[in-house]
Each structure stands twice: as structure tokens, then as C-alpha cells.
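**Student:** For reference, the chains in residue letters:
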Amino acid sequence: MSYTIEGSTGPWEVVIGLEVHAQVTSMAKLFSGAATEFGAEPNSQVSFIDAGFPGMLPVINRECVAQAVRTGLGLNAQVNLWSRFDRKNYFYADLPQGYQISQYQYPVIGTGQIEIQLGDGSTKTIGITRLHLEQDAGKSLHDQHPSKSYIDLNRSGVALMEIVSEPDMRSPEEAGAYLTKLRQILRYLGTCDGNMEQGSLRADVNVSVRKAGEGFRTRCEVKNVNSIRFVMQAVEAEARRQVELWEAGEEVVQETRLFDTTRGVTRSMRSKEDAHDYRYFPDPDLPPLVLEQSWVDSLKAALPELPDARRARYVGDFGLTPYDAHVLTLEKETAAFYEAVAKGRDPKMAANWITGDFFAGLNRVGASIGSSPVSAEDLGALLDLISDNTLSGKLAKEVLEAMFETGKAPGLIVEERGLKQVTDTGAIEAVIDQVMAANAGKVEEYRSGKDKLFGFFVGQTMKAMQGKGNPALVNELLKKKLG
Amino acid sequence: MTHPTELTIAGARRALAAREISAAELTQAHLDAIAALNPRLNAYITVTPELAAAQAAEADAALARGEAGPLAGIPLAIKDLFCTAGTRTTAGSRILGDFVPPYESTVTGNLLRDGAVFLGKANLDEFAMGSSNTSSAFGAAENPWKRQGDDTALVPGGSSGGSAAAVAARLALGATATDTGGSIRQPAAFCGVSGIKPTYGRCSRFGIVAYASSLDQAGPVARTVEDCAILLGSMAGFDPRDSTSADVAVPDFAAAVARGVKGLRIGIPREYRVEGLSPEIDALWRQGMDWLRAEGATLVDISLPHTKYALPTYYIVAPAEASTNLARYDGVRFGLRENGEDLKDLYERTRAAGFGDEVKRRILIGTYVLSAGYYDAYYVKAQQVRALIKRDFDQAWAQVDAILTPATPTAAFGRDENQDDPVAMYLNDVFTITANLAGIPGMSVPAGLDGKGLPLGLQVLGRPFDEETVFAVGGAIERAAGFHALPALRAAA
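Sequence lines, in order, name chains W and C.
Counted from 1, the first sequence has number 178 at position 178 by the UniProt record's numbering; the numbering is strictly sequential.
Counted from 1, the second sequence has number 218 at position 218 by the UniProt record's numbering; the numbering is strictly sequential.
Treat each hint with caution, since some may be false.
Stated by the list, open to error - Here are the simulated lysine-lysine pairs, DSS-like style, with alpha carbons at most 30 angstroms apart: (1) C:Lys344 - W:Lys148; (2) W:Lys139 - C:Lys344; (3) C:Lys360 - W:Lys139; (4) C:Lys344 - W:Lys88; (5) C:Lys390 - W:Lys88; (6) W:Lys223 - C:Lys344; (7) W:Lys148 - C:Lys360.
The hints are simulated quantities; they were obtained by calculation from the structure and are not laboratory data.
Quick caveat, the model's predicted, so the values are computed rather than measured.
Only chain C is shown next, with the shape it has when bound in the complex (with noise of 0.2 angstroms):
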């Protein structure tokens, strides 16, 4: 049989339900896995195999009884953004040293609900803050993946780039993750999984660490489009305590990836064939409207004139909403404190101890937008150019059901490139960034190897609440692409 770690996560709840494997054996493979590759890989900051053990015989009488949830029994890495009830919850900051939330956030929470298994927490960029995974204050994440002939270590992407390798690597079936500008679709590309950001107020964000307000999106990584799909429809839904989470129904995503993309119109943006493109992923993109085009699709050439915006506009927006977000983190309540002579020395110290460099940059960058004399030409200025570019999202969609762009201008690259330049990092987030800004949902699936043997995603983007077609078309790609190439590091190999 199938290594269990191995297992997708709906073959994994055919094989609970038909008894064929018991959710303590599935729980234990993958301890036994991150216990051999997680000191390399690094993917999970905290590993629980105890509260694991416990989920999971929770789980296994709970199938015994016939009462089993949808996620009875499923393990999972679970991004350390997100507060745990009693369980260590770092945000990959010094500054929230040994903090255990005392709540449990309500993402997580539904998981639960619905019987998963949690193996740990997945390691993420400081604060959600970074593309790379290397502004950990716990240290880099790795890629599971290797250029061919080359044992360089790869970045995994960020900042969910913990549970991204986690699920590459075969150290969990699935993983929670979090997206402001590309932190989900990125480092799925990156490690040849899929994920999803859901439209924004889909998944509730009351107890997820708060990065960018506006911007900030839970959403799933997992090994399949379908069980992305699985997982978000156990992970979204309303919730009174979070004023921006939508009250709207959710529906049974998992149903619509096989759905077919016959008559479906896809947007083609001109504006995303930007310079420095690497032919190799434009060539990727060419033959994803190929296939979408051979299942019955209408390609469609659109225009998002203001594309180019999206970045400089991130970079003001997410940094504003950051410096404020992060002012709560002072020494005072929880977290780390270095005592100073007064009150305004503890501050300083504590926060200059407490936060990793990009941390500081962002916090920077965004007192500085928001200051008198400057709010009006940056912040407003960005949040005008905020709104055209949700403007360029609504036109689009009378023309078209979903767009499809490159996830990532590159792939995967060395944990010591671009780490001298915050531009060039930042420059990986072009093509995903314009989804948090407009709110709607992106995904990223596998769709091919670039020359040196490193996975490449392609992104689709739909309408607001319309996460269905998303699937629909991210199953279609899934399907034509028949990626099924291992990353070098992984369980059982």
C-alpha cells in the first residue's frame, strides 16, 4: 500500500473510513517523518506529537462511532500565525517569546471542530513579513527541492514557506497558511504544492497574528487542488467576532474542481508579460492557455492597466496597517520584555531586541507613510490607487470568469540570493499582490519543471465569493499538467 505520508487528503479520509489505516498510524508516519526531516528542512518551529497523539485517538473513536468529522484524523502543520489554545504561538518574532495563547484562533478552531490533527507549527517570515522564509527569528526554512546536480539550499518561499515545505516534504497532508501579498500562492509555487488565498472575509481572521488588516487572508497549502478545496471549506466561514469576515454561505468547493472549464472565459493580462520574465515560465504560461483553451475554454486578451501600481501601493498600504498592528508588541502584557530605566527605554529596548530587521524596516516604512505632512501623498495616495485597481478587476470580470498569470517570475533560488536587496525580494510578489489589494481569490498549482528541475506554478484569479470557479479551472490545470515530480527531501524516499 502507499506510504501514508504519501496519501492525499481525501484519499487519506476513504482510507480512515475504510479502516484501512487508523488515524494513529497515519498521525505516526508523519511524526516519524518530521522527526528524520524536520532538522533539516526546519518547516515546523514547535512539533506536538503529544496533543498529535491525543487528536488522534480522539479521531480513531470517533470513527469507531461512526461520528466522524470531515477532517477526523487528518494531520496537519499549522502556520505559526495562528494562536493556538495552549499551544506555543511565535509568529517567528523574538518578540512574542515564550507566548501561549490562552484562545484558540477560529480557523484553527473549525479544524478542530472537524477533527483534525495537529503536528506543529509550521515555520513562516517574521510576522508574515518576507518571500523567503529567512526572517525567521527561528531560523530558514528549507526547500525540499534541489536544482539538478546542485545540493544548494533553495528558499521555500514565504512567508508560508514552513507549511509549504511541510507539505512538499511530506511532513504533514495539508497546511494552514496565511497570504497578504503571494504568502500562500508563492511558496506553493516554489515547492510544487497548491494553495489558495480565498477571497478576502472569507476565513475569519480573529486570532491570526495580524500583519496587514486589509490584506491578510488564511487560506490552505495542500498536495492537490482538491484538497485545498477540502481543507478551505472546513477552514471558512462567518464569524461575529471578526467585523471584516463575510457573512455570506460556503459552499461545497471540493465539488467544483471537477467541474471543467468548458465555456469559461479566461483573461489573459497583458500587463503580467513583464520585463524579466523568465522564458521559461512565460513558456509555462503558454501552454496553460493551451490546455485550458483544448478543455473547451475561450481565452480572452484582457487589460489590467493598472498593474503596475500594485507593488509601490502594497509597499505603502501593508507596511501602515503593519506599524500600527505591531505596536501592541511593547514588553508591557506578554511576550518579551528588556527592562530599561523608564518606560520609554523598555520600549526600545524590548522592540530593538524583539523584532528581526525586515520587521523594523516595514514598521519604518509604514510610520513614515503615515506621518503629517506625508498621510496624503503616500496613504491616500495608495489607497486611490487602491481602488483602480479593484476597479481594473471589475471591468475585467464582464469580460471574463478567471484570469490566468504565472504564479512566480522566477523559481525557487538560493537562501543567499536577494538578500541585499529588499526590492529585488519584494519583486516575487508581482504577480500575486494585485489579489490582496482587490480582495479577490488566487490560486497557485504545479504546473511544470523549469530546466534545472524546480517546480513552477501557474495562478488563477477569480471573482469575489467565486472561489468555486477558481477550483474549477485550478482542477482543469491540475489535470492537463499531470505534475507529479518529487522534490529530492521527503519522507520515505
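With the rest of the complex left out, here is chain W (with noise of 0.2 angstroms):
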């Protein structure tokens, strides 16, 4: 079933494209030495450059370049050995210049596509038109003073890729799951820290409506969405706006809009007819950007193994459910947890309990894989307990969760709380003794053919040995003695 928006003319389809801009990690800006990192003091890391002093030149910085070109290569793209930087001009206060240079004609990285996954387990195809590098202005800061703005000249210059999506999306949730996909490859490959929070990625989501088999309508642009959340929200709330507006036959006009949080609407924020004439040409400041074939295959030779290789990995030698390596390449740190706890063990087992009792416990106590109580060398502590019977899985569950509590190794806690499970089978049958004595009137309606009441005696014998009995020994004495 594709998702459409009912409106009271029948379903209407929702048209989706993504812009993201994605800030390069690196040591460097763009164009100047000057430092990148997030939450210095305000404008102590520009250079006279980044504040477009009279007579200083940008210089482009190699590491910026190599870092696009692994994101090109890892969303499947064409890299252009040949490249040029324009300028695209307008006035604002964060912008010293009163131009960012930014590739408009020329992009370094052209046509690729990425593989989206949906919750139904289906994939999908979305297809990449471009990637550009540009600088990012600095920050203005109205709420300082009550009649003054300030400026914040750090970000100036910042590297910025501007990843531009085909128009595939069709619903909130294959937007939600394309950006998840792009964040993921990012991350893997090192390029960007995906840290929306930070502003260190960011969506500009364009969205239109049409009727089945129509070709496009006017498609209106939500600046600036900074979570996945909001992302699926505002193409919603865009979305039913459109069809409101098209069902009332009125018209939409293409524009610019801004995605209320609080509200749940996009309201807008300028139109097309006053949008900045931006006068883009080739910056003269910096020749066309040249890469040699054989520089680019050393990067690609260097990148690391990306999301769908190592699910495809996961699926194929660990036999791992697709949702299962899905769930645990997500981010690289999960998958790194998870090789760790698996190697040497059984994979499946230490997929199951990832996915299920230990990601609970994250949740539970609010950490992350970063930051887990409970190391990957511990948890598989934990699996080796229940590999050799020392801990039956009910058991194992109850260590698990004192090892979040406490951060203690399971061997420890086994042995505090003597959880160590019986597997002495004249102590399992004295306890089924006593309680097939106690319970003599059941044990006839079972003889005589009431089957269901085995597992009273199952619960019986192992609330008699506080869960410590083998749950298999258990059935199998219990099986015996009942007859």
C-alpha cells in the first residue's frame, strides 16, 4: 500500500526531494587554516579571510576536497575530475564577503543513489543528483542586546557538502529513512558528524502533491528542518497544506517556507518574487578544481566497509534476520559493539540479545553504546554463562540487568546473588517429589488425560527452587515421574 493523503477529492500523492547540507569533518575551513570546532568562544576561530578582510584570497583546503569525494563514493556517485567554484552573491550581516563560494554549475560529485529501508522490510532506490561543496556564513545573534545583533564569524568558511536528492520520496517515513540511510553513510565513512542537534546536518525539504499519474506541480521548499522527526512532520504538515489548497482550487505558490515545531505547520518565509537574484559566476579567485583519476581511486581504495555491505555481510555469514542486521549496522558504534560480543560466539544469540534485553537496558538507563554500563566484553561474559548452563536465560536476563545497574562483570554478580542454576538432577527430582506430594489431587487429573496442567507443575518446581532450576532438566524429570 503507497501512502497518500486522502483529501475529500480522493488520495493525492506526496512528492519528495532532500537538500542536506552536511558539514565537513575536518581540522580546517574551506578556503583558510582557521579551526572548525563546535562551542569555541564566539569569534576566536577567524581568520582574516573568513571576515573577507580587503585583499585576502581563499585557498582551497585539500582535506575538505578528499572528504566529498569519499561521500560521492560512498552514495555510489559520479566524482568530476574537473570542477569549479562560483560565487553566489547576496547581503547579510553573518556574510562578510556579501558572497559564499559554492560549485552551482559544476559540482564535484554528480549522479548516484543510495538503498532506503522501510519498516515493512521492503528497500527502496533514491537517486542522488548531486553533491557540491560551499562555505557556510557565520551566526547572527538577535537576542543579546534589545537594539543590537551580533555576530558569530566562527562558522564562516566552515566546509559545507550540499547533498541534493531526486524528487523519489513518496512519504514521510521513505524521507525519514533517506535521511537516516545519508546520516549512516556519513558517519561510516567519517565525512560528517551527523549531529543534527549541532546544526551539523541539516535538511532543506521540498514537497509537492499530485494526483496518480500526474506529472509534477508546483513544489513548495521547508528550510532548515534539523531532525528526522521534524523532517517526517513537516512533509506531512506541508503536504495537507497543499492539498487544502489545491482541493479549495486555489493555487500553490512556489515558495520558501519554515516548519513550526511548536505548531506543527510550515508558514512562509519569502517568496518567490522577492527571492535573491543571486548573480552567480566563477569565483576568479580560484582556478577550476582539478583531481586526478589516480588520487581519487587511493580514496577509494582507503574507505571503510559502508552500512550495506556490512549488513549484506551480517545476513550472509552470521545468518542474521535482514532486521536484525539492519537494526545493529545503524550506526557504526552499534555494529562495533556487536562484532565484539559476537566473535568467537554464536552471532545470532549475541544479535538477539543486542536487539532485545541490552539496547532495553540502554533505554532504560538512558545511555547510548557510547556511554553503555555494560561493556561488549561483559555482555559476552554473559552469553559464554549461558553457552556453558551456568545461567539459564531467565537468570541471564535478571545478571543483565544488575550489570546495568551496577557495571559489575556477570561472573561477579552470578556469585553475590548465587543465581548459578541447578543442574544436579536429584535435586531437581527430590524438589518434583515434594511437590507431586503436595499436589497429589492434580497429579490424577493429569494422569487421567488433562495434559494442560504441566506447566503448573513446571511453575511449581521452579518457584519451589527460586528459578535456579535448568528449565530444560526440569521438563525432562518432570515428563518422567508424571508419567
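Got two chains here, each in a separate frame; can you build the complex from them with the hints?
**Tutor:** And the structure:
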């Protein structure tokens, strides 16, 4: 079932394309040597180039280009060996040069594609139109003084990758899955930290609606959405607004809009009429960017394993379900954690424990993989205690809970709490005898055909053993004794 | 002995090395000349006597130690477009206010490295936009030359008018200048001195206030071809801080000056015989041809068919680049600020008060030609024509080693002439502008006087990065012309 919005005139299809601005992970800015660290004192990471002083000239940072090429390779995209920087001209107080250096006509990366994973287990291919490098602007602070605006130029000149998708998405879920996948790839590559709260990753969402079989209708661009959840909400809110307009016999006007996260609606920012004329033209301070194929090849050879390849390996080599493989590869850190736990152990068992009780435990204590109180080593040790029959599955869950609370190793917790399961058949038989003696009537009922009572005897036996009886042995011995 | 201000740079170097004169004396003689004449000529916007004296003292110490650089103690004027650390840099504009750069341009840094003494900052057309030095916010500079029996103030040319006037009037031994469409060669010709615009990329643009980035190039003005070669040798060189700087070795330019022209093929482009060319300049051009032929060069009639499109092409490309290069003068971070009701008002007030008419005109033209709907018809077309102009030269180099043309269509004109017609003013650059569009080196050498006693120059154009041949041809013209006429206004006169 494809996603549609039900209007009074019937279903409407939603068409979505994303423009994502990803801050390049680099030590220095795109055209100057100034540092890029987040959260530094205002205006402490600004060179004369970033501040647009007279006579200052840009010089391209090779590492930023390498990061863009790595990203392009990760998006299965064409690397353009010849590209060019243009000036995008507009006046604003936090844009010191009066223009942004960007790539307009000839981007460094051309068309590519990525595959997104959807909730129903299906996948879909989303086209990448282009990726280009550009400078970020500074930041205007309007709330520091009653009548003045302050400018922080730390971000001015920081390298951004603008990654533009084809209008291939058809639902909020697909938009969310695309952004999730894109962020995952960037993080695997180490080319952008993907941190949306700090603004290292921002999305402009292009939305239009149409009736089945139609060409594209007018789109609107929702600017600067800063979380995946908000992207999904913005798509739906904007699509609904457009459906209402069309159905009321009005026109959707091409314009730039903002998503109001508190009210869950989009509102107009500026219309096409007062859109800037950016007067793009080639930046005469910068010669064309010419890359050697051999350099691109060397970057390609050094790329890390990407999420799709890792997921395929987990399914093919480890026998995981596609869903588990997907969940475990979402974050590079999770995959690394999983591989540490699974090493030398049953990979499926490791996957089940991590996606089940371990993730639940992280949630409960509000930790992430990086800050988990349970290390991969300790979780592995817990699995070993299950494999050698020291712990039943049920006891192991208890131990894991204790591990999350105390951060202690599983062996220590088992010892301290005396949680070791009982596998002594004599001891189990003795308890079974007591249970049967105390419930003679039920024994008769069972023997006369009431099979359902078996569970009652298991429960009573385990209760009498405080849960420490080996479940398989308890079952086996009960069957024997009850006949 | 020769008055110190009458020395050439080569001569001063010999005198300093022989301790016939100290750097302090040489500098003081120039500071005295500036004090006497600059109030009249306005060749300098800013004079830095203390700094110059300190640099001269350092040069004397270095000379005494035997560790002097190639320009130790040579007093120079610095066009006020070069950022100089700690010294106000105005670009001839009000909008920079009292901007004091905390950094040094690469070219001036190279000169300081070699021991040069900076006397001050030379006047120029605002943001180097002009051919008369009348658009300077700090007042026009005056040409030290006079028409015979006529005291009319003449323009020194532009935009490097202050540099050329200072060198001609003996207020400096040499000067830095920049050339975007003729801004070194035209004022050099008007003031009877030599000047070379080297190949684009030869000198770093780092720290030079930008006018039109793809055309701007620094070069020297001096009284002899050899002095220009000495200065360029110091100014030039690869600079990783300028992405358009060329990573090529700097040859010994001075050694090329005396090379001679025997066996060289000199192109005479028929398209430069423009309508309205003064008969005196035409005659001088023919004289130049005779001189070179007499020295053993072969003259070749050549065609540069797209020459007539050079001026309109320039007046699209240069303003387009200028319109965005000058966007940074917004009153927010440095320079002049005129506060307003809001940000837009601040921009409008600041830029209205800060920029002069010619700058505003070019920003308007540039903004227009880059606008949506006009970009293809103007900017893209101009780039295509520019490629054809460059191709004209590329083809010419198959036939010739250098090209000889007049430097300007007229001699220096009066300060009030050409002021009401920007296009007439723009025509001053008709012979020089092609070298900027093609990125090739061009030099102006004084070669004679017109009927009123004003200097006229010949221009030598050369292959990219072959300034040596340009210097060789310029040196031959200089020797043949024997130009020794002196301007009416000069130090020790």
C-alpha cells in the first residue's frame, strides 16, 4: 500500500526531494586555515579570510575535497574530475565577503544513488542529483542586546557538502529513511558527524502533491529542518496544506517556508517574487578544481566498509535476519559493539541479546552505546555463562539488569547473588517429589488426561527452586515422573 | 655628485654599496622632496617619514654588515592598494575609513625582505578604477609635466597616477603599481617613466585590495627599464596564499635588459592603427619600428582581429568582478560605517557615503551584467570574446616574439577634460586592455615628446611568462630613444 493523503477529491500522492547540508569533518575551513571546532568562544576561530578583509584570498583545503570525494564514492556517485567554484552573491551581516563561494554549474560530485530500508522490510532506491562543496556563513545573534545584533564568524567559511536528492520519495517514512541512511553513510565514512542538534546536518525539504499519474505540481521548500522526526512531520504538514489549497481551487505558490515545530505547521518565509538574484558567476580567485583519477582511486581503496556491505555480511555470514542486520548496522558504534560480542560466539544469539535485552537496558538507564555501563566484553561473558549452562535465559536477564545497575562483570554478580542454576538431577527430582506429594489431586487429573496441567507443575517446581532450576532438566524430569 | 633623487635604482645600489651615500641620506633627500612637492602634486596619500627613517637605518646597518638585500635602502612609493601592516591603506576610497591592515601584502613583503624603504602610500583612482587619478577620494594627483607655456594641471593617468607622478617628479626612485586595464602602462606613458604589467600570476595578489581579480596584476614603475626589471625581480614569485599565483621560477629580469633585439621578430598589429590616433603617436610608433629594425629585429605585420571588442569586453568582465569584490565593504566589520535604521539602511548609507561616482557606476554595471536574464548576453558572451582575444595572441606568438604598439592614444590631458564622458575616458585604455584580457606581459617605455613637450610611450607586449623578451625590447627602445627630457615639476629642479 503506497502512502497517500486522503482529500475530499480522493487520494493525493506526495513527492519529496531533500537538500541536505552536511558539515565536512575537517580540522580547518574550506578556504582558510582557521579551526572548525564546535562550541568555541564566539569569533575565536576566524581568519582574515573568513572575515572578508581587503586583499584576502581563498585557498582550497585539500582534505575538504577528499571528504567530498569519499562521500561521493559512498553515495555510489560519479566523481567529476573537473569542477568549479562560483560566487553566490547576497548581502547579509553574517556573510563577510558579500558572497558565498559555492559550486553552482559544475559540482564535484554528480549523480548517484542510495538504497533505503523501510519498516515493512522492503527497500527503495533514491537517486542523488549532485553533491557540491560550499562555505557556511557566520551566525547572527539577535537576542544578546535590545537593539543590536551580534555576529559570530566561527562558522564563517566552514566547509559544507550540499547533497541534493532526486524527487524520489513518496512518504514521510521514506524521507525519514533517506535522511537516516544518508546520515549513516556519512558517519561510516567519517565525513560528517551527522549531529543534527549542533547543526552539522540540516535538511531543506522540497514537497509537492499530485494525483496519481500526473506530472509534478508546484513545490515548496521547507528550510533548515533539524531532526529526522521534524522532517517527517514537516512533509506531512506541508503536503496537507497543499492538498487543502488545491482542493479549495487555489494555487500552490512556489516559495520558501519554515516548519514551526511547536504548532506543527509550515509558514511562508519568502516567496519567489522576492527571492534573491544570486548573480552566480565563476569565482575568479579560484582556478577550476581538477582531480587526478589516481588520487580518487586511492581514496576509494581506503574507504571503510559501508552499511550496505556490512548488512549483507551479517545476513550472509552470520545468518541474521535482514531486520536485525539493519538495526545492528544503523550506527557504526553499534556494529562495532556487536562484532566484539559476536566474536567467537554464536552470532545469532549475540544479535538477539543486543537487539533485545541490551537495547532495552540502554533505554532504561538512558545510555547510548558509547556510554553503556555494560561493555561488549562483559556482555560476551554473560553469553558464555548461558552457553555453558551456568545461567538459564531467565537468570541471565536478571544478571544483565544487575550489570546495567552496577556495571559489574556477570561472573561477579552470579557469585554475589548465588544465581547459579541447578543442574543436579537428584536435587531437582527431590523438589519434584515434594511438589507431586503436595498436589496429589492435580497429579491424578493430569494422569487422567488433563495435559494442560504440565505447565502448573513446571511453575511450582521452579518456584520452589527460586527460579534456579535448569528449565530443560526440570521439564525432562517432570515428564518422566508424571508418566 | 648627482642629486640623490636623480639616481636610478641601479645607480643608487652602486652608490650605497660603495658607501658614497647612506640609505638615511638617500631617504631623507626623498622625504625633503616630498615635503616640498607633494602638497602640489598630491602623489602620496600618506607619507611615513618615521617608518622610512627606521627602515633606512636598518638598511645602513645591513650594508655595514655586508648583509644587505638587493633593494637595501632603496626608497619606494607604494600604491595605496597594497595592504601594508601598521600603515593606513585607503584604496583611494572613503569607505575604508582609517583602515590599518594587520597584515602585509605578499608583494610589499617581498620588497621589505629585500631591504626596500617605504616612503608612503601613493595616490590612485578609487579602487584602481580610472585612467586619470581624478576619482581618488583624497583628491586628484597632478602630472609633474606641463604643456609648453601652459600651466594647466594635467592628469598623471591612472589608476596608478600617484606612483607614476612620484617617480617622475623624483619623489621616489621607484614605485609599486597595479594594472587591471592599463593602470601601470598608461600613467607611466603620461609621466614619461617606464612601467611593466607582468604576466597574470607572476606577482601574488594576496593583500592587494581587489578590483577585478582575473585582470589585476602588480608591477613596478621606475625611471629606467633596468630599474623596472630590478623591482619586478623582487616583487614576483609564487605565493601559496594566492590560488592564481603561478608556480614558475623568477628569472634574472635585469640581465635581459641589455640582451638586444637582434633576430627577434616584432609584430605590428594592424588593428591598433585605430581611428583618431594622433599623428604624433602614429609617427612615434613608426619611429619605434625603425629603431628596432636598425637594431636587427625583423618587423612582421600581424593581425589581432578581435581587438575592437576588447574595450566592451573589459567593461563587462571588470565591473562584474568588481561588483562582487566590493560587496565586503558593508560597514559591518571594518572601514566606514554610517549607522541606519536597520541592516539594509546601514548598507545603503555606508555605501552611498563611502563610494565615489565611478565606483558606483562600475558596481551598477557589474550587478546588471550578472543579473538573471542578462548574464548570458553579457557576462558569458564577454568570456567567449575574451577567449578569442587570447587566441589572437596565441596565434600571433607563432609568428613573432614580441609586439610593438603605442601605449596610449594621446598624451596626458587636462584635469577637467574627459570628465563628463566616461566612455571617452575608457578609450584611454584601448591599447593596454588586451594584455589584461589575455594575461600577457606589457610594458610602457617613454620614447619621445609630442608637439607640446609632453611625453609619449611605446608599448611592448610579450608571451606569457616571457618578460625577459619584453625587457630586451624595452631596453632597446630606451637606448635608441635616448629619452632624457625632464618634467617641469621635480625635486631639485
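**Student:** Now look at each hint and say whether the structure bears it out.
**Tutor:** Results for each hint:
{"no.": "1", "hint": "C:Lys344 - W:Lys148", "in the structure": "14 angstroms, holds"}
{"no.": "2", "hint": "W:Lys139 - C:Lys344", "in the structure": "17 angstroms, holds"}
{"no.": "3", "hint": "C:Lys360 - W:Lys139", "in the structure": "29 angstroms, holds"}
{"no.": "4", "hint": "C:Lys344 - W:Lys88", "in the structure": "19 angstroms, holds"}
{"no.": "5", "hint": "C:Lys390 - W:Lys88", "in the structure": "27 angstroms, holds"}
{"no.": "6", "hint": "W:Lys223 - C:Lys344", "in the structure": "23 angstroms, holds"}
{"no.": "7", "hint": "W:Lys148 - C:Lys360", "in the structure": "28 angstroms, holds"}
Checked against the numbered hints above, the structure violates none of them.
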